[in-house]
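Asker: Sequence:
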Amino acid sequence: MKIVIINYGAGNIQSIMFAIERLGFKAVLSNNPNEIKSADKVIFPGVGEASSAMTKLRESGLDSLIPQLKQPVLGICLGMQLMCNQTEEGNTKGLGIFDVDVLKFSNNVKVPQMGWNQIYDLKTDLFKGISENEFMYLVHSFYAPNCTEAIARTNYDVEYASALQKDNFYGTQFHPEKSGDVGEKILGNFLKM
1 MKIVIINYGA
11 GNIQSIMFAI
21 ERLGFKAVLS
31 NNPNEIKSAD
41 KVIFPGVGEA
51 SSAMTKLRES
61 GLDSLIPQLK
71 QPVLGICLGM
81 QLMCNQTEEG
91 NTKGLGIFDV
101 DVLKFSNNVK
111 VPQMGWNQIY
121 DLKTDLFKGI
131 SENEFMYLVH
141 SFYAPNCTEA
151 IARTNYDVEY
161 ASALQKDNFY
171 GTQFHPEKSG
181 DVGEKILGNF
191 LKM
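The sequence shown begins at 1 in UniProt numbering and counts up one residue at a time.
Certain hints may be false.
Derived lysine-lysine pairs resembling BS3-like cross-links, with alpha carbons at most 25 Å apart [claimed, not checked]:
no., residue 1, residue 2
1, LYS123, LYS56
2, LYS104, LYS178
3, LYS178, LYS110
To be clear, the hints were calculated from the coordinates, so they are not data collected in a lab.
All chains should be modelled from the sequences, with the hints used to inform the complete structure.
Answerer: As C-alpha cells, this is what we get:
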C-alpha cells in the first residue's frame, strides 16, 4: 500500500511517520502531484498558522489538487481545518471540502485547548472498535462547529466537531499519532479503508 503524507512545510510529520511505522506500514513524504494522485491513502497534516499554510498550498498548486483526490484522505488538526470553507485564523479561505467555517474559541476558556479531551457521538468506520468518551490529544485555538459532516464531537467551551467526513475525505481535530494506542487504532482504521 502506498501512503503519502503531503509535505507542504506545515506539519508534525515525524510523529505521523513513526505512528504509521508502528502499525507496520511505510509512508512517503511528498509534494509531488503525481505521487500524491497515485497514492492509496493520503494524509494531510498540519501544525502552524492557517494563512501561511494556505499560501504554501497555493504556491505548490496543492490547493486545487487536494479537493480532487479520489482515494481516502485524512486531514489532521490544521489539515482538517484547511479542508473547511474558511477559518477565522488570518481570515483564511480554505479548500471548501467540508461545508463549515472554522471559528476561534471564546475568551471564556484557556486558548489554545492543549491536552487530553474526550470524543463522543462516534460515527463511521474511522472509529470502528473505539469506545465512546475515549481521550484524544488536542492542541488548537480554532474549531469546526457542529455540522452535518461531524463524525465525532468534543466539548470545550462549546460542543464542536472533533472529526469530519464527506465522501472519501476525513478530518480529525485531535492528533491520532499522539493519542496512544487508541489514536493509533483510529489511524489504522483509516489505513484499512
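Asker: Hint by hint, note whether the structure agrees.
Answerer: Comparing the hints with the structure gives:
1. Under the criterion of a C-alpha separation no larger than 25 Å, the hint pairing LYS123 with LYS56 is inconsistent with the structure, at around 32 Å.
2. A hinted pair counts as satisfied when its Cα atoms are at most 25 Å apart, and LYS104 with LYS178 qualifies at roughly 23 Å.
3. Proximity of LYS178 to LYS110 is assessed by CA-CA distance (about 21 Å); at most 25 Å being required, the pair is judged to hold.
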